[in-house]
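Asks: Put together the whole structure using the sequences plus the hints.
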Amino acid sequence: MRLEQMTASTTRSACAALALVLAAAAPWPAASEPTPADTQRTETRRPKIGLVLSGGGARGAAHIGVLKVLEELCVPVDVIAGTSMGSIVGASYATGLSVAQMEAVIGTITTDKLFTDKPPRADQTMRQKTDDETPYIIPELGIGKGGVVLPKGIVTGVALEGELRRLVQIGTASNFDELPIPFRAIATDIGTGEMVVLSSGSVVQAIRASMSVPGAVAPVTIGRRQLVDGGLVRNLPVDVARAMGAEIIIAVNLGTPLLKPDDITSVFSVTTQMINILTEQNVSRSLHELRPGDVLIVPELGDFSSTDFDHLKDTVPVGEAAARKVADRLRALALPPEQYAALRERQRAPAAKEAVIIAAIRVEGTKRVSPEVVLQSLQTQVGQQLDRDTIDLDMRRVFGRGDFENVNYTIDDVDGKQTLTVLVREKPERDYFRFGLELDADLGKQSNFNLFASYRSKWLNAWGAEWRSDLVLGTNVLVGTEFYQPLSARQYFFVVPRVQYSVTPWYLFEDTIQIAQYKNTEAIAAFDVGANIIEYGEVRVGARYGYRSFDLQSGSPRFPSNAHASLGALNAQLTLDRLDNLNFTHSGYRVLGQLYSSLKALGADDEYSYWRGLVSGAQTWGAHTLEGLVTAANRIGGNDIPAYDLFNLGGFLYLSGLQRQQQKTQDFVFGRLVYRTKLASIPLFEGIYVGASAEAARLKPAVPVWQGQPVDGYLNIAAGSIYFGLDSPLGPLYVGFGYANKDNKAIYLFLGRP
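If you use our numbering, the sequence shown corresponds to residues 638 to 1391, in order.
Calculated from the structure, these hints are not laboratory results. The model shown is predicted, which means the values in this text are computed figures rather than measured ones. Hints are not guaranteed to be accurate.
To be verified - Here are the simulated PhoX-like cross-link-like pairs (lysine-lysine), alpha carbons at most 20 angstroms apart as the crow flies: (1) K782 with K1004; (2) K950 with K750; (3) K782 with K1064; (4) K1004 with K1064; (5) K755 with K1064; (6) K1064 with K789; (7) K789 with K755; (8) K1156 with K1082; (9) K1382 with K1082; (10) K755 with K766; (11) K1082 with K1379.
Replies: Pasting the structure below:
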């Protein structure tokens, strides 16, 4: 829900609602009635009340319940000081958001929305999507002058800032005293350990800094300071509210209960306990600063987790209940309804301005990276009305390219024009590496183990050239390197020279029996020219040169007849990829197409051509997903495809029950339909699933034996599987059973993509 579209809630407390009606409906006062000036003088004689809101992570939504009761009792709030989640709720109220609006917004917040900085996969570049094909188990790490550069937090906070903007009515202020309610956010300078009171600038940046838990969320750089969670130094900033002129304090302390000794089992729990100890120590000092006339509210949140952002609204009633326990003391601070209504009217956010039409877009902070690449990543365009959801996704898309430590934006009036300024801070390093792992077994039959490594150097020139090298060691061996050179600053077109050497097993089956295993050695030099279809996909055309050799490892030397073959071919590929997840797809589609022509004129020993294609997609209803895939291939012309380039079928989800490469063919159609349901979501795991597949293929076997009988013409094969799946940080994990017939069944175990 967009905040500027929210209307005043009809569920405002009875006192506040009545007061606003009276204020709006009252006629111009007669001589005997108090004038606005009299009212102001009356209010100035009352003590100034400061609201102090503590940190507490997801427990902090209880502050909203306290605000509900304050409004119900007509208790004025003149200044607000908050830390961490308390600063978020405090800033929302201080900038004019109503309690009902806050409840509506937090009801839509989830852990995934707050802490997923990368854009949805469908909106990533094609080079990023291609990485999903490899089972990487760690994120890409930078290499600087001092060695490996680790991130400053598990998340950078780009998505978090997008959610925070929905909770803030006024984005910036030269002085937070100019907000409808004067406000302060508390942060910690991670370099000096000093408390930092944020009182001007970007409200969103201030509260983002105040709640940046060290290690979990990257620090916020403001000026020369790197700022993190204020709870380390002042989780209940009573003294800050006093410094703002508060004579009476209403302090809401959520508490940060220490972990029990039995719960301290890892480096993460040790870090959490350390932060909790520091927080509780400074809270104890702040509690001693409270005076007899101050009011302390302590919501009884029990075991509600500070990290449970999926159930924020559950804590609101707890805050209400705690405030009602001290209602008698709060009533002593209340204003008459008319005065309270007038005060709240003044504390409303200024009326919304006309829709912002973007007249210009500029990029600040780039050094190596071309600003044109940033502009290409934006859906927001000049002449359009600014849409918060769109611009927040734009920021995630820019950040998701992997070139920046942080991405933000401002809307500025430059020479009378509304200008969108995209603020980026580049990563200092340009070299990166990743590691991956793949394990799979058709229990009692085939098994594979592979380690992956990738090293890339980015932005080698102004157009974004990238040099990438890959290594695979295990059942398969691969050494490859390529140079990706865009042909313009916006990278619509590119060229890619590549060389690659690989050794892979090549299996030959007769019926269900593996009769031979060859070592397939391939060396290729390739050159492609391509075009990016932005985040949708790419088109490539190019040439291939090289050789293949087959060395018998075991079994009968029947097939193939040629042990060596020179390669020379033209290749064209189309890729369209809008899947949301390559492993456990919930929505989107994918289209792959290839035309390949081996030509003696280019040095090939064999002349032949073929095409192949694939279409897949998925749709989800609640926890249930239906996923479909159709793929086919066939030769073009009268020349047969040689043995070394035949298409393979068999294995989990590609004729389950059969072994990998059990069917070799130059002409096939394969289809499958998968039903999958999500059993649970747990931290660090995107989902736990159970699924079943129905699969079928029509093919002409290259080895003319099936179930002990020669095959004349086409063969129809039906298969299926049931499986348990886990989308883990180490990649997808599958345990399944496949069945084609009584002689072709298998139990599968996979870590990595099937």
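Asks: Evaluate each hint against the coordinates.
Replies: Structure-based check of each hint:
1. K782 with K1004: 18 angstroms, holds
2. K950 with K750: 16 angstroms, holds
3. K782 with K1064: Holds, at about 13 angstroms.
4. K1004 with K1064: Answer holds: K1004 to K1064 is near 10 angstroms, not above 20 angstroms.
5. K755 with K1064: 16 angstroms, holds
6. K1064 with K789: 12 angstroms, holds
7. K789 with K755: 16 angstroms, holds
8. K1156 with K1082: Holds - the C-alpha atoms of K1082 and K1156 are around 18 angstroms apart, at most 20 angstroms.
9. K1382 with K1082: 11 angstroms, holds
10. K755 with K766: With Cα atoms ~12 angstroms apart, K755 and K766 stay inside 20 angstroms; holds.
11. K1082 with K1379: Holds, at about 16 angstroms.
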